[in-house]
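Based on the provided sequences and hints, a complete structural model is requested.
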Amino acid sequence: MATNSLSQARGFLFDVDGVLRVGSEPIPGAGDLLDQLATRGIPFRLLTNATTASRAMLAAGLRAMGFPAGEELLITAPMATAAYVRRRFPGVPCYLLAKGDVATDFHAAGVPIVGPDGAPDAGVVVIGGAEDELTYARLNHAYRLLLGGAKLIAMHRNTAWRTEEGMSLDSGPFVTVLAAAAGVRPTVIGKPAAAFFRQAIRDIGLPANELVMVGDDARHDLVPARRLGMLGVLVRSGKPVGPDEVAQADLVIDSVADLAPRVVSTRE
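If you use the working numbering, the sequence shown closes out at 271, no skipped numbers anywhere.
Quick caveat, the hints were computed from the structure, so don't treat them as lab data.
Hints are supplied without guarantee of correctness; some may be wrong.
20 Å max Cα-Cα, derived DMTMM-like pairs, lysine to aspartate or glutamate [unchecked claim]:
id	residue 1	residue 2
1	Lys102	Asp135
2	Lys154	Asp206
3	Lys102	Asp38
4	Lys102	Asp35
5	Lys102	Glu134
6	Lys102	Glu168
7	Lys154	Asp124
Quick list of the computed label-pair ranges, beta carbon to beta carbon [stated by the list, open to error]:
id	residue 1	residue 2	range
8	Gly186	Arg43	26 to 32 Å
9	Gly32	Val95	18 to 24 Å
10	Ala183	Ser10	42 to 48 Å
11	Arg43	Ser171	33 to 39 Å
12	Ala63	Val180	29 to 35 Å
13	Ser8	Gln39	15 to 21 Å
14	Ala140	Ser171	20 to 26 Å
15	Gly186	Gln11	31 to 37 Å
Built from N, CA and C at the ideal position, the CB exists for glycine as well.
Next up, the structure:
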C-alpha cells in the first residue's frame, strides 16, 4: 500500500496483543496514536482474540496502560462466542475452558456454564485462552463430551502469541487435537472468521474499503480483512514476520506508532 493510500481511510481496526501491547506492557507510542485518532474524530475499534479476560476486564487493563479504551470500542472473541452460543444453542449447558473472568461474558449473554472440572454434562464445548488451566483431566472430559455429541466451538485457532517471556503456545493446537481425536469439525468464532470482521464493520459504521486493519498476524488479521476490501498493515512488534507474511500485507511497519505521522500528514 502506498503511503498516500491512507488518505482514503476513514477508520481503523487494531489487533491488541503484539500491536498495542505485549503482555502487561504497552507498545511505545501506541496510546498516543489512539489519542490522536480520537482527537481528530477518526473512529477505531479494537478487534481482539484475547480470551483470558472479559471485555470489561480487558478494557480496564488497557485504560490502566493509558489507552482510550471504553468497552464499546472492544470487539472480543469471548463476547462474539457467547452471542453465537446463545443464538445457536439456546439454554444448552456450555463446558467452558477459559481462564480469568471470561465466564462473565457468557453469563451476561444468558449462556449456562458448567465445569470446568467435569460435572454435569454439557452440549457445547468452548475453548478459549485457558493456558495452564488446560489440564489433561479437563481436556479429556471435553473429549468425552465431544464423543457423546457435544459441539466444539473455538474462540479462535491462533497457534502462538507474543508475551513478555517470548512466543508462547496459544489455544489453537488444543482445538486441533480435540477435533482430530473426536473426529469433529470445530466452529471458529474469532479471527480469522469473516463474520467476526463483519461484526466490526457493522459496529464502526463504515464500508470495508474505507477501513485499515492493523495486526501482527498476516494470516489471522490481514488476509480476511483484505478479502473484505480493507487495507492491511502488518507490524513487526508481535509475531515473527517473514517473506510470506510481508507478501500478504499492503504495508509493513516496525511499530503501530509508525502510523502516527502518516495518519497526521494525510489529514493536514
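Q | In rising order, the numbers of the hints this structure does not comply with | A | Those not satisfied are hints 2, 3, 4, 8, 9 and 15.
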